[in-house]
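Colleague: What follows is each chain in one-letter form.
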Amino acid sequence: MVTVTIAVIQFGGSNCDRDSVQALSSLDFDAELVWHEDGLPEDVDGVVLPGGFSYGDYLRAGAMAARSPIMAEIREAASEGTPVLGICNGAQIGCESSLTPGAFTTNESARFQCEHVHLRVENADTPWTSQYDEGEVVELPIAHGEGRYEISDDRLDELEAENRVLFKYCDEDGNVSPEANPNGSKHSVAGVTGEDDHIAVMMPHPERATLSDLSRTDGQGVLTGFAE
Amino acid sequence: MTAFTATVTVRLKRGVLDPEAETTQRSLERLGFDLNDLRSADVFELDLDADSADDAAERAEEMAERLLANPTIHDYDIEVTEAE
Numbered sequence: 000m001v002t003v004t005i006a007v008i009q010f011g012g013s014n015c016d017r018d019s020v021q022a023l024s025s026l027d028f029d030a031e032l033v034w035h036e037d038g039l040p041e042d043v044d045g046v047v048l049p050g051g052f053s054y055g056d057y058l059r060a061g062a063m064a065a066r067s068p069i070m071a072e073i074r075e076a077a078s079e080g081t082p083v084l085g086i087c088n089g090a091q092i093g094c095e096s097s098l099t100p101g102a103f104t105t106n107e108s109a110r111f112q113c114e115h116v117h118l119r120v121e122n123a124d125t126p127w128t129s130q131y132d133e134g135e136v137v138e139l140p141i142a143h144g145e146g147r148y149e150i151s152d153d154r155l156d157e158l159e160a161e162n163r164v165l166f167k168y169c170d171e172d173g174n175v176s177p178e179a180n181p182n183g184s185k186h187s188v189a190g191v192t193g194e195d196d197h198i199a200v201m202m203p204h205p206e207r208a209t210l211s212d213l214s215r216t217d218g219q220g221v222l223t224g225f226a227e
Numbered sequence: 000m001t002a003f004t005a006t007v008t009v010r011l012k013r014g015v016l017d018p019e020a021e022t023t024q025r026s027l028e029r030l031g032f033d034l035n036d037l038r039s040a041d042v043f044e045l046d047l048d049a050d051s052a053d054d055a056a057e058r059a060e061e062m063a064e065r066l067l068a069n070p071t072i073h074d075y076d077i078e079v080t081e082a083e
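Sequence order for the protein chains is Y and V. The numbering of the first sequence is numbering that gives the first Met the number 0, which starts it at 0 and goes up by one. The numbering of the second sequence is numbering that gives the first Met the number 0, which starts it at 0 and goes up by one.
It should be emphasised that the hints constitute simulated quantities derived from the structure, not laboratory data. Honestly, I wouldn't trust all of these hints.
[As the list claims (entries may be wrong)] Quick partial rundown of chain V residues pointing at chain Y, CB under 10 Å, derived from the structure:
#1 8
#2 11
#3 15
#4 17
#5 18
#6 19
#7 34
#8 36
#9 38
#10 41
#11 65
#12 69
#13 73
#14 77
Source: prediction; values computed, not measured. Glycine residues also receive a C-beta, built at the ideal position from the N, C-alpha and C atoms.
Use the sequences and the hints to build the structure in full.
Modeller: Written out as structure tokens, the structure reads:
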């Protein structure tokens, strides 16, 4: 089997970095922690921007990390085809660094929310969702205070038309509604792709639903996207 | 070179939900105050030396564009005064 090496980027305040390595390793990826100041290794086949509170969420969640030098390297690698997945704080960093459109900002509740949610797969034709069926409902944990997806109405219409929404929050039967939207995200969006679908961000945590001895394993399908 | 203070005010665009402002408004109303709306904003005061107020404003604008504001959700304005 070909070894797929994934760099999990550590910023000051990242805290899902080791979880991501463990989850990826369990899926037979060669996952390594990379401290942001050390730069992106040349031989990586994929990049995870993990969750946490990089730089204390100062200014805006993800704002500082998005402007660190390694992000320029990651944008360049992404533009050359390297898959990049931003999870939670990594999703905020991805949007702040323009890898992906929109912004993740304060939850409608103005509270930090830590709970399991249901997600409907909107587009099963991406590396991150090809293990699922379109319309399938998966269950993943969220843990965020700034996860409300915000973008202009016009831009969101474009994204939907281009099939760039990966997941929407829904109830257990797959119904998308304000009641099943945990954070007030516009159109219940939980994850989107960049210009190309090998770049993606999502607020829910697939790495926290990957190890079978801890929880359901609905998140495995997202992480196996790195093997596509 | 003259010392200036550039004040950058970063606000959510009109129409973007501001849960913290809503919570603050509700809290004021619970204290018995009567108000129609409340908007919050971040204010950054930048002390810098520049050749002119325009130059100072231009640099502050670049800082707002690059970091202080997120164009997806924010508008900002800049006022420049000579430092006292």
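Colleague: Does residue 8 of chain V pass the interface check with chain Y, least Cβ-Cβ distance below 10 Å?
Modeller: With Cβ-Cβ at 14 Å, over 10 Å, it is violated.
Colleague: Take the shortest C-beta to C-beta distance between residue 36 of chain V and chain Y; is it under 10 Å?
Modeller: violated (17 Å)
Colleague: Can you verify the interface hint for residue 41 of chain V: is its Cβ closer than 10 Å to any Cβ in chain Y?
Modeller: holds (8 Å)
Colleague: At a threshold of 10 Å, is the proposed contact between residue 11 of chain V and chain Y supported by beta-carbon distances?
Modeller: holds (8 Å)
Colleague: With chain Y as the partner, please determine if residue 34 of chain V meets the hint condition of a C-beta pair closer than 10 Å.
Modeller: violated (18 Å)
Colleague: Against chain Y, run the beta carbon of residue 18 of chain V and see if the smallest gap drops under 10 Å.
Modeller: holds (4 Å)
Colleague: May I ask you to test the interface hint for residue 69 of chain V with respect to chain Y, counting a Cβ-Cβ separation under 10 Å as satisfied?
Modeller: holds (5 Å)
Colleague: Quick check on residue 73 of chain V please, does its C-beta sit within 10 Å of some C-beta on chain Y?
Modeller: holds (9 Å)
Colleague: Let's test the interface hint: is any C-beta of chain Y closer than 10 Å to that of residue 17 of chain V?
Modeller: holds (8 Å)
Colleague: Tell me if the interface restraint on residue 38 of chain V is satisfied: Cβ within less than 10 Å of some Cβ in chain Y.
Modeller: Interface hint status for residue 38 of chain V: violated (14 Å vs cutoff 10 Å).
Colleague: Quick check on the hint: residue 19 of chain V CB to chain Y CB, less than 10 Å?
Modeller: For residue 19 of chain V, the interface hint holds, since the closest Cβ of chain Y sits about 6 Å away, which is under 10 Å.
Colleague: Hold the hint about residue 77 of chain V up to the distance rule: shortest CB distance to chain Y must be less than 10 Å.
Modeller: With a minimum Cβ separation of about 17 Å from chain Y (threshold 10 Å), the hint on residue 77 of chain V is violated.
Hints 1, 7, 8, 9, 14, counting from the list given before, are not met by this structure.
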